[in-house]
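*Asks:* Spelled out from the first residue to the last, the chains are:
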Amino acid sequence: MSNVISMLLEVMRKSCGCFVFLQSARGLAHSKTLRVFQESSCRAQRLGVRRPSAAFSSGIFNGSDVNWNYSSWKRISRLLSPALSSFGGGEGVGPLQSLFSCIRAKAGLLAFACLLSGCISPRPYPVAPLAGIPAQEAERMARQNLASLFPLQYRSVQRALITVAGKQFTCDGVLEVSTNDGWYLAIVSNLGLVAGLRVNRDGSCEVLQVTPLFREFWTRQFVARDVRRLFIPPPEFVSAGRLADGRLACETVPESDGAVVRYVFSADGQQWQELEVSRGGCREYHALLRGYRAFAGHAREVPAEIEVHAESYQLHLRLVELNLKNEIAPEAAQ
Amino acid sequence: MIIPTRGHFRHATKIMNEREIMKSWKAKVQIFLCVLIVQMGLSLCLAHDNVTMHPPISDSVTQTTNPPPVSLEEVSRAMAKAKTVFTRFVQERHLALFNEPLRSEGCLCFEKPGRVRWEITSPYQSILVSDGLGVAQFEWLDEKWRKLDAGLAGAMQNVVAQIAAVMEGRYASDSRDYTVTLADSPEGPVITLVPRNETMRKMMHAIEVHLAADLKGTRRIVLRETGGDFTDIRFSEQVIGLELPPRTFDRNAPLDLADILQAVAKAKAQP
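Chains A and B, in that order, are what the protein sequence lines are. Using the working numbering, you'd call the opening residue of the first sequence number 24 and step up by one each time. Using the working numbering, you'd call the opening residue of the second sequence number 2 and step up by one each time.
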């Protein structure tokens, strides 16, 4: 039976190329259980439930010898083979029975994978209807809160700690925001500039500098998304209600890809505390904002620490500098 | 006969990209550590048995007397002599995207053989330390030092291993990685390193090492990258030949900087 499964897995590997349950990997990225496992990257990799992010070269990780598609499945098959053998199809069975047992085994594996992805993918917070506060008032408060959280024009320096497949990388981020040009971000490591991009006021993204250290696709896919989600207030959202702990929640209308962005505020609506992006009822991006502190020249306190758990990476941002930039004088603008 | 499919090509391209990226990371690590090595080496130019101190260098002060030109061999010989160096630094990264540089401050410690500690103290706190056997990185998070499971540690470790060879004084005579030139300027001699490797040259045009006019220390190092970006590292308060306390280069629990500064102050106080 285990031979059959091994063969089946080999066929699946060959036929499907990258046959990995990406949905389950995404879900597992948020799993507390897996997070504990990730303390040891090798263990996490050998378990086969996570693969290194597409954003980082697999060559830079330990355990590059691990064959994700095969060895991991082989381990799963070894674990499952006793259970699957109970479906029948032991030694010395006929070809038809073998075929049936193959189908059962495949179905069992798929069911297991579905179960895995369904069970472990975190769900967005359940929301109850607002009570004691009109929805419009909640929306107004939240909108006002987000719009004035960061100054209109500023320059900030962030220290970023990125964790991918258990390995950690540090870099500095310089974000310059102006009312005309949008959000400029440069990522600099100890070894020099990594990437530079601009997110325009209309939401479009331009990659300004590409280096051999970081692919353009990663800049567009991951870095631009982080800038949009964390530093740019959404144009429209509606009140979604209150969470079980009394905090306010507001949601954007579903985006073209089905993603819904939810902003969670303190119960009084004054402090933005969390952000979650969900799709199809599963949370795929989660940010915690804390460490609110004041910076000179800006009336409001801003979150000095942001912790992001995305599909395949974790990002810990610390805002270490925030300097206001003067508004452009009208004559200079002319 | 095996006919390559689109998947094969994609896989091959991915591997090539990964190799390229790996190579460029290694090259960058090499450049970064090379700068450290060169700085340390040049700091040791006039190594004495006793402690010597150098005040912060001001560019406004123009030297009137030119010291006799120093050869790279002399630099090599001097590097082999001294044991330890402590210096403060201010690093400014000038990016073409922005008008203002990205500024950070910190301290650099070195001890033979091959022990390096690069600590940033402002605007955040971070330590990169090598005890000669391996490299470790620490970040100050939630009011305590947290050791990182740093990526690229293997690549950095390989490069750090080269420090030993450099400290033996083989840097100038065995310059396989860089074309080394020496030029005089009113403020002091400038050593320019140009990478021989084309991949490295694509990322780093040159590394300039500015020595003090009296050759007692390194004033600054400039890393000239492609695209107009450059990093300017200015050194001050260099102390050579002091006794650095134990655990300065500990990869598991490096000594607190305050304790190192105490040792530096003690060394300065000695006649």
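Keep in mind that the hints were calculated from the coordinates and are not lab data. It is possible that part of the hints are untrue.
Using 16 Å as the maximum straight-line C-alpha spacing, the simulated EDC-like pairs for lysine to aspartate or glutamate come out as follows [stated by the list, open to error]: (1) A:K348 to B:E101; (2) B:K267 to B:D251; (3) B:K148 to B:D251; (4) B:K269 to B:D251; (5) A:K190 to B:E244; (6) B:K267 to B:E238.
*Asks:* Could you run down the list of hints and mark each one as holding or not?
*Replies:* Against the structure, the hints:
As the CA atoms of A:K348 and B:E101 are separated by approximately 11 Å, the hinted pair is consistent with the 16 Å bound. A distance of roughly 21 Å separates the Cα atoms of B:K267 and B:D251; the hinted pair therefore is violated under the 16 Å criterion. Distance restraint check for B:K148 and B:D251: the Cα-Cα separation of roughly 12 Å lies within the 16 Å cut-off, and the hinted pair is therefore satisfied. With a CA separation close to 24 Å, the supplied pair B:K269 and B:D251 exceeds the 16 Å bound.
For a cut-off of 16 Å, the pair hint linking A:K190 to B:E244 is broken: about 35 Å separates their Cα positions. Restraint check for B:K267 and B:E238: satisfied, since their Cα atoms lie roughly 14 Å apart, inside the 16 Å limit.
Violated hints for the displayed structure, listed by number in ascending order: 2, 4 and 5.
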